[in-house]
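Enquirer: Please work from the sequences and hints to get the whole structure.
Protein chains: 2
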Amino acid sequence: MALVELVPNFSEGRRQDVIDKILAAMKEASTAKIIDSRADPDHNRLVVTIVGEPEETFKAGFAGIKTAAELIDMDEHQGEHPRVGATDVVPFVPVTGITIEECTELAKRLAKKVSDELGIPTYLYEAAATRPDRENLANIRKGQYEGLKEAIKTDPDRKPDFGPSELPKAGATVIGAREFLIAYNIYLNTDDVEIAKTIGRNIRHKNGGFAYCKSMGFATKPYVQVSMNLTNYKETPMAMVVETVRNEARRYGVAITETEVYGMIPVDALLDAAEYYLQLNGKWNRSQIIEKKLTEME
Amino acid sequence: MALVELVPNFSEGRRQDVIDKILAAMKEASTAKIIDSRADPDHNRLVVTIVGEPEETFKAGFAGIKTAAELIDMDEHQGEHPRVGATDVVPFVPVTGITIEECTELAKRLAKKVSDELGIPTYLYEAAATRPDRENLANIRKGQYEGLKEAIKTDPDRKPDFGPSELPKAGATVIGAREFLIAYNIYLNTDDVEIAKTIGRNIRHKNGGFAYCKSMGFATKPYVQVSMNLTNYKETPMAMVVETVRNEARRYGVAITETEVYGMIPVDALLDAAEYYLQLNGKWNRSQIIEKKLTEME
Numbered sequence: 154m155a156l157v158e159l160v161p162n163f164s165e166g167r168r169q170d171v172i173d174k175i176l177a178a179m180k181e182a183s184t185a186k187i188i189d190s191r192a193d194p195d196h197n198r199l200v201v202t203i204v205g206e207p208e209e210t211f212k213a214g215f216a217g218i219k220t221a222a223e224l225i226d227m228d229e230h231q232g233e234h235p236r237v238g239a240t241d242v243v244p245f246v247p248v249t250g251i252t253i254e255e256c257t258e259l260a261k262r263l264a265k266k267v268s269d270e271l272g273i274p275t276y277l278y279e280a281a282a283t284r285p286d287r288e289n290l291a292n293i294r295k296g297q298y299e300g301l302k303e304a305i306k307t308d309p310d311r312k313p314d315f316g317p318s319e320l321p322k323a324g325a326t327v328i329g330a331r332e333f334l335i336a337y338n339i340y341l342n343t344d345d346v347e348i349a350k351t352i353g354r355n356i357r358h359k360n361g362g363f364a365y366c367k368s369m370g371f372a373t374k375p376y377v378q379v380s381m382n383l384t385n386y387k388e389t390p391m392a393m394v395v396e397t398v399r400n401e402a403r404r405y406g407v408a409i410t411e412t413e414v415y416g417m418i419p420v421d422a423l424l425d426a427a428e429y430y431l432q433l434n435g436k437w438n439r440s441q442i443i444e445k446k447l448t449e450m451e
Numbered sequence: 154m155a156l157v158e159l160v161p162n163f164s165e166g167r168r169q170d171v172i173d174k175i176l177a178a179m180k181e182a183s184t185a186k187i188i189d190s191r192a193d194p195d196h197n198r199l200v201v202t203i204v205g206e207p208e209e210t211f212k213a214g215f216a217g218i219k220t221a222a223e224l225i226d227m228d229e230h231q232g233e234h235p236r237v238g239a240t241d242v243v244p245f246v247p248v249t250g251i252t253i254e255e256c257t258e259l260a261k262r263l264a265k266k267v268s269d270e271l272g273i274p275t276y277l278y279e280a281a282a283t284r285p286d287r288e289n290l291a292n293i294r295k296g297q298y299e300g301l302k303e304a305i306k307t308d309p310d311r312k313p314d315f316g317p318s319e320l321p322k323a324g325a326t327v328i329g330a331r332e333f334l335i336a337y338n339i340y341l342n343t344d345d346v347e348i349a350k351t352i353g354r355n356i357r358h359k360n361g362g363f364a365y366c367k368s369m370g371f372a373t374k375p376y377v378q379v380s381m382n383l384t385n386y387k388e389t390p391m392a393m394v395v396e397t398v399r400n401e402a403r404r405y406g407v408a409i410t411e412t413e414v415y416g417m418i419p420v421d422a423l424l425d426a427a428e429y430y431l432q433l434n435g436k437w438n439r440s441q442i443i444e445k446k447l448t449e450m451e
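Quick mapping for you: the protein sequence lines, in order, are chains B and L. Going by the numbering used here, the first residue of the first sequence is number 154, and it counts up by one from there. Going by the numbering used here, the first residue of the second sequence is number 154, and it counts up by one from there.
Because the hints were derived from the structure by calculation, they are not lab data. Keep in mind that a hint or two might mislead.
Since copy identity is lost for identical chains, a pair holds within one copy or between any two.
[Stated by the list, open to error] Calculated pairs, DSS-like style, for lysine-lysine (alpha carbon to alpha carbon, straight line, at most 25 Å):
#1 K374 with K350
#2 K436 with K367
#3 K186 with K446
#4 K359 with K302
#5 K295 with K261
#6 K446 with K387
#7 K446 with K174
#8 K374 with K436
#9 K266 with K180
#10 K295 with K367
#11 K261 with K312
#12 K180 with K446
#13 K265 with K212
#14 K436 with K350
Expert: The structure is reproduced here in structure tokens:
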């Protein structure tokens, strides 16, 4: 069975009846499960985490976008968080049994359907981007709803991937695919924050470290923390990062006390670690895991 | 969701129609899945592996025992493998979300039902044993069907836990609960089998090693192998065993090339290893795993 995570961001974090209607529409439209939803009144934004089979997350996504377009008028919207539409951004994230390429196809198909059926301009981003400058969400959201209203008409670079070059009251929606992001912290048995900061710099992409690692050191108590976002655990595995931090820390006579996953993690990221450390190499197949076998039989 | 593995052993490995009827009866009686079934003509024995929710494995077990009793006459049975009944032995094995104690309760309930409704004497073994000498299956099977026929009537020590002190043509059935057994091999980069044999001896329970490890060294090619049965991965975790073998091997200047799980393994055994090596301690909860969260919501 394939599982996708969909994380639609809606521009409504205050009116509970609107929030409820968006959530209800997504629940009704599909068998995908809403595993988390957070409404932030200051940001005036609702972030929903949905997990399910690929087509089911697609259905939930469309239902959410449709309902948000009916209930949210971007001319009335105010909030701290940058946004361009009633449904601002919708990433498809592979969890298990599906590739980023397949998620990209889902994203493109959803963007086209949203533009065709709802008349909303859509932009493709990250792995689904059709141009390098659209891989980065910030470029697409430049000027926000208010600025895009004019730019979409006049600037050829701001032309959407699908739909009209004119913003309706629902604004535009950015749809794409990205790898699962693991928020991961490693604690070191020292109160010297400089050690955490140095290691945080050394292991991150920006400074010559791992390609899919963004990291910083923080002065947490009682022990300092190397805090990171692992943006592609398949290419930059947790085990490789942990062992590198262990080696770097050893240079200062410091050891890892424990590590921390912040939020959710796909089981595959942990199975990768088990296989790495137990040295399960060529003689091993994940279908030997009872639970995987049961899922395959369904 | 709780998952149990049931591994009924039937005294029929030759007549395909009988094998088919036993399998069909178990399939029909429950939603539990038959993930493996092996009929051995020499042993004249059928070993079935069933996985499902606890009550479903219970139903499958009863249906299999009932059908085997109708179709197998132990007075006619011959085979190399020791056995006392048409259904010889039925262990309940916890896979996930269930304790060995709960599996023991299932075993006791099944044994009582089999005796009450089918008139078959039943013995409880391993974790479900009511007496220390019945923890070991070999003690219960002593003399096999032919010997037990007399002994059950005359020897008070052979009195069954449930049912009559007289064997019907279906013989007796041994029912119990045990932990999941992981067949696990570790390869060392040497062709010196003495190193594997020494390590195999040092780490096993019999020689002062791990309580739930049975191990031996073998001269496999190109590298030697420490072969083991881990009979309780919760108490004797894979990571602890691997790291001990690594240390022992280092004494001889030898390293682990890879390891091998032979057959099935519960995902929890691998998650234990991931947590051990990644040092996911107090700040970690398995409900952060997306797939576990989905299962919990069902």
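Enquirer: Taking the hints in turn, state whether each one holds.
Expert: Here is how each hint holds up against the structure:
1. K374 with K350: within (15 Å within a copy, 48 Å between copies)
2. K436 with K367: The answer is between: 21 Å across copies meets 25 Å, while 34 Å in one copy does not.
3. K186 with K446: both (22 Å within a copy, 10 Å between copies)
4. K359 with K302: neither (34 Å within a copy, 77 Å between copies)
5. K295 with K261: within (21 Å within a copy, 68 Å between copies)
6. K446 with K387: Cα proximity of K446 and K387: in one copy and across copies (22 Å, 21 Å).
7. K446 with K174: Between copies only: 24 Å across, 38 Å inside.
8. K374 with K436: Between copies, since 14 Å is at most 25 Å while 43 Å is not.
9. K266 with K180: within (19 Å within a copy, 43 Å between copies)
10. K295 with K367: Intra 23 Å, inter 64 Å, cutoff 25 Å: intra-copy only.
11. K261 with K312: This pair counts as within: shortest intra-copy Cα distance 16 Å, inter-copy 70 Å.
12. K180 with K446: between (28 Å within a copy, 17 Å between copies)
13. K265 with K212: within (13 Å within a copy, 50 Å between copies)
14. K436 with K350: Classified as between: cross-chain Cα gap 21 Å, same-chain 40 Å, threshold 25 Å.
The structure is inconsistent with hint 4 alone, although it conforms to all the rest.
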